[in-house]
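Visitor: Chains A and B supply the protein sequences, listed in that same order. For the first sequence, position 385 matches number 385 in the UniProt record's numbering, and the numbering has no gaps at all. For the second sequence, position 161 matches number 161 in the UniProt record's numbering, and the numbering has no gaps at all.
Certain hints may be false.
Claimed, not checked - The following label-pair restraints were derived from C-beta to C-beta distances:
no.	chain 1	residue 1	chain 2	residue 2	range
1	A	164	B	136	25 to 35 Å
2	B	77	A	164	44 to 54 Å
3	A	300	B	131	38 to 48 Å
Because the hints were derived from the structure by calculation, they are not lab data. Because the structure is a prediction, the values reported are computed rather than measured. Where a beta carbon is used, it is the ideal one built from N, C-alpha and C, also for glycine.
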Amino acid sequence: MNTLNRRAVLRLAGLSALGAAVAACAPDAAGGGAPKGDAAAKAFGFTSWSLNEEAQKGAVQAVLDAYAARAKVTINPASFPYNEYLNQVTLKLRGGQLTGAVQLDISWLAALAAMGRLKDLGAQAAGGGYTDVALGSGQFGGKQLGLPWTTGSIGLVANTELLKKAGVDGMPATVEEFEAALRKVAKLGGGITPYAAATKAAQLKDILPWMRTFGSPLLEGDTITVGDDASVAAVEWYKKLYDDKLIAPDVDRFDARALFAQGKAAFYDDAIITRGVVASQSPDKSLTEKMAPLARPVLKAGDTPQALLWGHVIVVVDGEGSDAAADFAAYATSDTATVASFFEKVKLPPTTTAGLADPKVSGDTFTADWTEKITKTATANPFWRYAGYAQIEAAIAEQVQAVLVGRSPAKEALAKAAETARPLQK
Amino acid sequence: MNGRRLTDGQFAWLLMVPGVALFLAIIAYPLVSALVTGFFEQSLVRPGRSFVGLANFADLLGGDFWPVLSNTLVFTLGATIAPFVIGYALALALDAGLPGWLRGVFLFPWVIPGVVVSFLWLWIFNANYGVLNGLLGTQVSWLGDPVTAMVAVIVTKTWASFPWMMVMLLAGLQTMPKELHEAAAVDGAGAVRRFRSVTVPHMRHIAGIAFLLEFIWNFQHFDTIYVLTGGGPAGATKTFAVAVYDTAFKGFDLGHATALGGLWMLLLLVLMVFYLRKENT
Numbered sequence: 001m002n003t004l005n006r007r008a009v010l011r012l013a014g015l016s017a018l019g020a021a022v023a024a025c026a027p028d029a030a031g032g033g034a035p036k037g038d039a040a041a042k043a044f045g046f047t048s049w050s051l052n053e054e055a056q057k058g059a060v061q062a063v064l065d066a067y068a069a070r071a072k073v074t075i076n077p078a079s080f081p082y083n084e085y086l087n088q089v090t091l092k093l094r095g096g097q098l099t100g101a102v103q104l105d106i107s108w109l110a111a112l113a114a115m116g117r118l119k120d121l122g123a124q125a126a127g128g129g130y131t132d133v134a135l136g137s138g139q140f141g142g143k144q145l146g147l148p149w150t151t152g153s154i155g156l157v158a159n160t161e162l163l164k165k166a167g168v169d170g171m172p173a174t175v176e177e178f179e180a181a182l183r184k185v186a187k188l189g190g191g192i193t194p195y196a197a198a199t200k201a202a203q204l205k206d207i208l209p210w211m212r213t214f215g216s217p218l219l220e221g222d223t224i225t226v227g228d229d230a231s232v233a234a235v236e237w238y239k240k241l242y243d244d245k246l247i248a249p250d251v252d253r254f255d256a257r258a259l260f261a262q263g264k265a266a267f268y269d270d271a272i273i274t275r276g277v278v279a280s281q282s283p284d285k286s287l288t289e290k291m292a293p294l295a296r297p298v299l300k301a302g303d304t305p306q307a308l309l310w311g312h313v314i315v316v317v318d319g320e321g322s323d324a325a326a327d328f329a330a331y332a333t334s335d336t337a338t339v340a341s342f343f344e345k346v347k348l349p350p351t352t353t354a355g356l357a358d359p360k361v362s363g364d365t366f367t368a369d370w371t372e373k374i375t376k377t378a379t380a381n382p383f384w385r386y387a388g389y390a391q392i393e394a395a396i397a398e399q400v401q402a403v404l405v406g407r408s409p410a411k412e413a414l415a416k417a418a419e420t421a422r423p424l425q426k
Numbered sequence: 001m002n003g004r005r006l007t008d009g010q011f012a013w014l015l016m017v018p019g020v021a022l023f024l025a026i027i028a029y030p031l032v033s034a035l036v037t038g039f040f041e042q043s044l045v046r047p048g049r050s051f052v053g054l055a056n057f058a059d060l061l062g063g064d065f066w067p068v069l070s071n072t073l074v075f076t077l078g079a080t081i082a083p084f085v086i087g088y089a090l091a092l093a094l095d096a097g098l099p100g101w102l103r104g105v106f107l108f109p110w111v112i113p114g115v116v117v118s119f120l121w122l123w124i125f126n127a128n129y130g131v132l133n134g135l136l137g138t139q140v141s142w143l144g145d146p147v148t149a150m151v152a153v154i155v156t157k158t159w160a161s162f163p164w165m166m167v168m169l170l171a172g173l174q175t176m177p178k179e180l181h182e183a184a185a186v187d188g189a190g191a192v193r194r195f196r197s198v199t200v201p202h203m204r205h206i207a208g209i210a211f212l213l214e215f216i217w218n219f220q221h222f223d224t225i226y227v228l229t230g231g232g233p234a235g236a237t238k239t240f241a242v243a244v245y246d247t248a249f250k251g252f253d254l255g256h257a258t259a260l261g262g263l264w265m266l267l268l269l270v271l272m273v274f275y276l277r278k279e280n281t
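Using the sequences and the accompanying hints, generate a full structural model.
Guide: So, in structure tokens, the structure goes:
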């Protein structure tokens with residue numbers, strides 16, 4: 001029988017340790033490893049949720065391909081679904097596994113910026129010709145951490161054909177008129193949801209503009225006002241719509257888009273991207289012509305309609321390939337031909353003065369209408385200033401959902417939401 | 001070879017070194033690190049942490065822990081008892097002579113990945129365009145109501161796990177000497193009496209082990225619940241697995257998440273003791 005002596009065993013152990021060390025140092029699939037600056041990098045990553053969405057991935061991929069061919073670089077794409085995106089990107093960034101350019105919702109910038117790993121893109125922003133509002137959406141802590149890719153708003157969209165069938169004349173301007181319109185649509189039957197409002201926790205943040213409509217500022221200084229009489233009234237009204245089946249249970253943004261695209265919803269909330277998404281999902285090819293943006297109804301005539309500022313930025317993670325990625329970010333967001341072509345495909349408005357002036361953009365009546373009715377009065381969510389903004393919204397959403405399903409009265413639920421949210425204001 | 005020879009004992013210890021090293025690196029270290037983190041206020045997105053003693057545990061025990069424990073127990077009991085009963089019934093039917101190819105058919109749900117199963121049922125249960133409402137002609141919000149949402153996740157998990165229970169119990173049934181049944185039949189015992197007096201005592205051990213294992217797995221289960229309801233509506237299906245995930249990776253609050261994980265682990269250790277004692281008997 002063969003026996004091993006001590007030397008052979010030590011040799012074996014040494015080889016095993018070497019193997020383990022090599023395995024531990026191996027780069028991950030996304031090209032991670034120790035970050036290092038490299039101005040001449042020929043490969044970098046691009047992480048994006050749009051690459052995961054059927055309606056947009058073709059247009060985004062075209063931008064990547066065009067830049068890769070022009071700059072002779074390789075772009076390694078990665079994507080996660082929107083609802084999981086912030087979570088995944090945060091984990092990867094914390095683990096040092098996220099490099100290159102990263103698409104972000106403007107609301108997520110504070111959370112990622114708090115980790116201190118984003119590159120200052122001030123130099124790229126200076127020469128990009130971006131509008132001031134757009135540039136502001138990519139700034140945090142006095143630095144330009146993101147280049148604006150699109151800036152718009154989230155507002156209400158209506159199916160004018162359904163409204164006409166229901167006998168609704170003109171767009172409702174007040175909450176009272178809106179509710180009356182919903183009741184008329186409900187009478188159509190046929191499984192139509194009058195207002196495909198968000199009722200799943202993932203998108204229940206859509207109730208925040210309604211709380212503002214009812215008069216709650218949400219945040220005054222650093223005091224959360226969720227739970228005040230106005231926000232309670234808004235949630236009670238939402239609950240009334242829910243109980244009267246004017247809004248449907250179990251709906252998030254994706255369900256709402258599907259319902260609207262099938263002609264099964266008269267109103268829903270979405271960003272200006274709605275037209276491209278609905279066009280790609282609807283069997284009715286003329287549905288986009290029947291879509292109309294409307295200013296969110298106000299509590300009483302003369303109030304300012306509420307809408308949420310919305311947009312995407314591209315940030316760059318400091319380190320490996322960051323210079324090349326920053327150049328790509330500038331190209332994707334400010335090259336006029338690129339942004340105009342991108343607009344043509346997905347209807348996301350550009351963020352540069354030249355891009356907005358391009359005939360493909362300026363000649364688009366839906367975009368002009370949207371800008372006039374919704375974006376014009378859109379404001380940022382006041383919670384975005386906190387790194388824990390997503391958790392604050394989640395705390396509110398969970399309590400609003402508790403009201404909808406009858407687990408808590410609105411006053412008690414919103415008080416609890418505010419109590420949960422307070423420690424997250426940092 | 002002129003080196004000193006190793007004794008069998010020394011060689012055995014050396015063989016264990018890679019395994020022990022791996023255990024220390026990927027289980028012991030993260031576990032201890034996580035347990036320690038429970039005593040700190042630590043964020044996933046902010047650098048640094050501060051010692052808070054038992055404050056995280058006190059917070060949890062003063063609020064979120066109990067509804068989560070209740071949801072976990074309801075889910076675990078439902079998702080263990082239902083597949084156990086269905087699996088037992090099918091195992092008995094197969095053992096009694098149901099065509100063998102049906103065993104393959106019944107195993108089908110088990111081979112589908114859990115997330116895929118969950119998405120299938122998500123579509124079935126959807127309130128607005130789901131198959132179930134289509135078949136029933138109703139518009140019930142199966143996943144939007146606290147009670148039906150819990151039933152829905154239990155049904156989904158049952159569909160995915162009854163085949164495993166069936167296979168385990170069928171294996172047990174097939175080790176049972178047929179003579180016992182024949183003797184009981186000769187003595188005049190009917191089918192029910194034979195099941196109660198012959199099958200059940202023979203199956204007690206394996207059924208107990210299968211039940212306990214399924215209970216432990218369900219106590220830790222994540223994917224079905226997360227895909228179907230995300231712990232909602234209003235936290236009605238939020239079990240330990242979902243709560244820890246949400247707290248850590250959506251709330252970015254590592255201190256509370258690991259404290260909750262520590263409490264969860266303690267409960268699992270109790271179940272493990274039961275399991276090990278059962279195994280030893």
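Visitor: Each hint: holds or not?
Guide: Hints versus structure:
| no. | hint | in the structure |
| --- | --- | --- |
| 1 | 164(A) x 136(B): 25 to 35 Å | holds, 32 Å |
| 2 | 77(B) x 164(A): 44 to 54 Å | holds, 53 Å |
| 3 | 300(A) x 131(B): 38 to 48 Å | holds, 44 Å |
Taken one by one, the earlier hints all hold for this structure without exception.
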